[in-house]
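With these hints in hand, go ahead and build the complete structure from the sequences.
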Amino acid sequence: MPADDQQARAAAPVEREDGRDTFPKLLAANAERFGARTALREKDLGIWQATTWRQYHDHVRDLSLGLISLGIRRGDKVAIIGDNRPAWVYAELAAQGAGGVSVGIYQDSSLTEVAYVIDHSEAAFVVAEDQEQVDKILEVIERLPRVRHVVYDDPRGLRHYRHPALISFQAVEERGRELARESPGLWAESVAAGRADDLAIICYTSGTTGFPKGAMLTFRNLLSMADNLNLVDAKLPADEFVSFLPLAWIGEQMMSLSASLAVGFTINFPEAPDTVMEDIREIGPHVIFAPPRIWENINSTVQVKIMDTTRFKRFMYRLCMPVGYEVADRRFQGKPVPPALRIAHRLGDWLLFRALKDRLGLTRVRSCSTGGAALGPDVFRFFHALGVPLRQIYGQTEISGISCVHAGDDIRFHTVGRPIPGTEIRISERGEILSRSASVFAGYYKDEAATRAALAPDAGGPWLHSGDAGYLTEDGHLVVIDRMKDVMQLADGTTFSPQYVENRLKFSPYVKEAVVIGKDRPYLAAMLCIDLGTVGKWAENHKLAYTTYTDLAAKPEVYELLHEEVAGVNETLPAAARIRRFVLLYKELDADDEELTRTRKVRRGFVEQRYQEVIAALYGEARQVPIDAVIRFQDGKTARLRTTLRVRELDEVALAGAEAGAR
Amino acid sequence: MDAAQLAVESLTLRFGGVTALRDVSFAVARGSITAIVGPNGAGKTSMLNAISGVYRPRSGRILLDGEDLIRLSPHARTRRGLARTFQNIALFKGMTVLDNLLIGRHTHQRRGIFAGGLYYGPGAREEQANRLVVEEIIDFLEIQRIRKAIVGTLAYGLQKRVELARALALEPRILLLDEPMAGMNAEEKEDMARFVVDTNEDRGTTVVMIEHDMDVVMDLSSHVVVLNFGSKIGDGPPEAVRRDPRVQEAFLGQDDAEAAAEG
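Residue numbers (this note's numbering), protein chains in the order written: chain V, 1 to 663; chain H, 1001 to 1263.
No wet-lab data here; the hints were simulated from the structure. Just so it is clear, the structure is predicted and the values come from calculations on it, not from any experiment. Treat the hints with caution; some may be incorrect.
What the hints assert, rightly or not - Listed next, the stretches of chain V that the computed footprint assigns to chain H, with coverage defined by at least 3 CB atoms under 8 Å from CB atoms of chain H:
{"no.": "1", "stretch": "44–58"}
{"no.": "2", "stretch": "151–159"}
{"no.": "3", "stretch": "273–281"}
Unchecked claim - Result set (DSS-like, lysine-lysine): computed pairs, CA atoms no more than 25 Å apart in a straight line:
{"no.": "4", "chain 1": "V", "residue 1": "K43", "chain 2": "V", "residue 2": "K357"}
{"no.": "5", "chain 1": "H", "residue 1": "K1148", "chain 2": "V", "residue 2": "K357"}
{"no.": "6", "chain 1": "V", "residue 1": "K543", "chain 2": "V", "residue 2": "K512"}
{"no.": "7", "chain 1": "V", "residue 1": "K537", "chain 2": "V", "residue 2": "K587"}
{"no.": "8", "chain 1": "V", "residue 1": "K537", "chain 2": "V", "residue 2": "K555"}
{"no.": "9", "chain 1": "V", "residue 1": "K587", "chain 2": "V", "residue 2": "K601"}
{"no.": "10", "chain 1": "V", "residue 1": "K305", "chain 2": "H", "residue 2": "K1093"}
{"no.": "11", "chain 1": "V", "residue 1": "K601", "chain 2": "V", "residue 2": "K485"}
{"no.": "12", "chain 1": "V", "residue 1": "K43", "chain 2": "H", "residue 2": "K1148"}
{"no.": "13", "chain 1": "H", "residue 1": "K1148", "chain 2": "V", "residue 2": "K313"}
{"no.": "14", "chain 1": "V", "residue 1": "K587", "chain 2": "V", "residue 2": "K637"}
{"no.": "15", "chain 1": "V", "residue 1": "K506", "chain 2": "V", "residue 2": "K537"}
{"no.": "16", "chain 1": "V", "residue 1": "K305", "chain 2": "H", "residue 2": "K1148"}
{"no.": "17", "chain 1": "V", "residue 1": "K512", "chain 2": "V", "residue 2": "K537"}
{"no.": "18", "chain 1": "V", "residue 1": "K512", "chain 2": "V", "residue 2": "K555"}
Said to hold, decoys possible - Some chain H residues well away from chain V (every beta-carbon gap over 12 Å; in silico):
{"no.": "19", "residue": "A1004"}
{"no.": "20", "residue": "H1075"}
{"no.": "21", "residue": "Y1119"}
{"no.": "22", "residue": "S1231"}
Using N, Cα and C, we set each Cβ at its ideal position, and we do this for glycine too.
Given below as structure tokens:
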């Protein structure tokens, strides 16, 4: 990486200060440090009920001693299943305090998945939230001889249950208090016996094939992640966070356990799964971490509500948003914001942004990130226009959650930012993203082969193989392309992901469908279907008359418009894998023509077969393709269509210029 | 089980020349779920209305823990621990769910208009206590999300649940449900069935319900009373009642019943 890398800060020390190197030790320290400050909050009976760090610690201690009195041994696994509630984190920390390992299970898992994870992890204890989860466990408990106790939190509906393994949370805590009276120093000893390299959690990841794999993560892994992330994305003890994604997921573990314990900020648990948005609004969190669908959802909700609101509010929205977008775009491009625009933005904040953010619970947000999948630039722009500093993060379970993040104002739609301190990223010869840090996991539980495959020792130690294809930009930003197995190669061996490029193209409002070709060919080419709605509207606004889809798609002006869009996408692609030529198809791809699946995915093979003449032209000399096609309508009728398709070449000069610029 | 909590004795109800209920007697055991079933026009809702005090029967007695209710007004019966829901939802549609439930607490309000009008003092404490009861019911019926929603804007199945919530806000000893699952989809029915069972088991409330769906009746109730043309034709545990030829006849028609008996 270049020397001027602004993000090359020193990594957090490998050994944490004062020996606070496990979760239970941190909890005990926080109980001393913060005492009566609020650690957890849960909305119950319509009121946010607070739990102080001291109470948090005491619950965990009692439960932990209770588990000890029930016979938990160091290294035993404790499976936990339930919605996000204080009891979930108590259970995890109690298990760890007794030297055990926490195994989170997704609350909406099927019976088979629940049984598999409990069986594979050899869990001796299961902590289940309520009747729904207890029912799942009891259904399969005959097949799980290792399970000794099932601890439940919410007794509702369980009054007639008589299974000998069942025991309530309260009963376990009571046993713990009894044990504390008999041997007062026991828990402190048990906590002190914990080591940074002890296993903290086994995080089961849903593989696309076969059964989930259990990633073993140590306290060192989890805490070094939290410490290093905190160096570029600082969280403060006074921060608020709303925990609403499954606690079995590494991202939620990272925020609600590692980061909260390391920093001391407050975790808020929603009242019910369907009150999350309302609860976020009430809390007004400083830190938010959510997958793209949440952000997309907020964005589209706002758009819809603006349509339905009063004329005055709609007027304000239309008045202020362009100012927000202008400021956001300038910041994205690294351009200065002139003073007049700055004042206008301030005014917009007074008139609109502040009120809108308050509605969404985003008024106080300082650190907010999206991860897991790509988020469209429009959604990014929307939040930045409001002044919500949304950023992309990247990582996987095997590296304790996060390896890369956008830092500060350095936000780009197509990258996932730079490695966090203490993390090295490198691209293998095959184009795979490899990473190395203190947070890389200890291996998959009971799966040597998978562990070897993920941690293939390389020059200078083991690198984590992500299975993702990607590349680094000149200034050190990581771009994730696709899963390795979906990546293709050009004739010269350059890797590219058709799906990645297609998605970027489809982020344009004018592109409905895109098919990118290039496998074993000299360059990339694209077949685009225009979006009749938006392009039609654009044509109307530009006084461009057209008759049919085919007619509109053949207009030189429309080609010009789409040319700009493709050129824009090209700027975000590596120079060797840019779109050189494209055509606008004379019809939309259609499931009735078997070109799309019913879930609207392009059937690549079929489409390439069907449009082979077009593809031949994309790689040939001719600039025109005569088309003589048969179109099938929904009612089964067919029509013959004759037209001439033009192949558009992206300006070679511009291409060369862009190459030079990227270099 | 101890003596009947609710006893209906020789109840007869007439509207002019029409006899809606003819000399009907049955007993509801404490802690039971008792279902009243019957074809359309059998007099089921009339029975519920007679018990809750909407209709005044010609003769007979309705005993709640030994006390005859027959001369009491509906609100006096409510105060003694009867609460009901209606076949056609009867909520304040323009008010929020929360306000509807708080109104359900009205019978438990002891403080007068003056104490209630002050921000501090016993009125405030009472209101807080009432809010707590209501919030527990909101939690129990899992309607946190719609706490502040206007009732009229809610889906039908949810309104039914809110109506149950308001009845529970009265903290009744006996809950009368008039077709709690009518017009619901399968999922909503399942939810409602679970809430009825939980109300009965966890809150210890005796439930008397009218229901058309025989599967629901067989699943939930511990006791079934069958009415036909205003008379009782069956009374007993669900399985026994289902096998009773008179009941089969009333439900299926005579020919079908014979076919069913043969088949």
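Outcome of the hint check:
no. : hint               : verdict
1   : 44–58              : holds (count 4)
2   : 151–159            : holds (count 3)
3   : 273–281            : holds (count 3)
4   : K43/V <-> K357/V   : 22 Å, holds
5   : K1148/H <-> K357/V : 21 Å, holds
6   : K543/V <-> K512/V  : 22 Å, holds
7   : K537/V <-> K587/V  : 18 Å, holds
8   : K537/V <-> K555/V  : 14 Å, holds
9   : K587/V <-> K601/V  : 16 Å, holds
10  : K305/V <-> K1093/H : 23 Å, holds
11  : K601/V <-> K485/V  : 17 Å, holds
12  : K43/V <-> K1148/H  : 15 Å, holds
13  : K1148/H <-> K313/V : 23 Å, holds
14  : K587/V <-> K637/V  : 16 Å, holds
15  : K506/V <-> K537/V  : 18 Å, holds
16  : K305/V <-> K1148/H : 19 Å, holds
17  : K512/V <-> K537/V  : 14 Å, holds
18  : K512/V <-> K555/V  : 17 Å, holds
19  : A1004              : 24 Å, holds
20  : H1075              : 28 Å, holds
21  : Y1119              : 19 Å, holds
22  : S1231              : 36 Å, holds
In summary, this structure violates none of the numbered hints.
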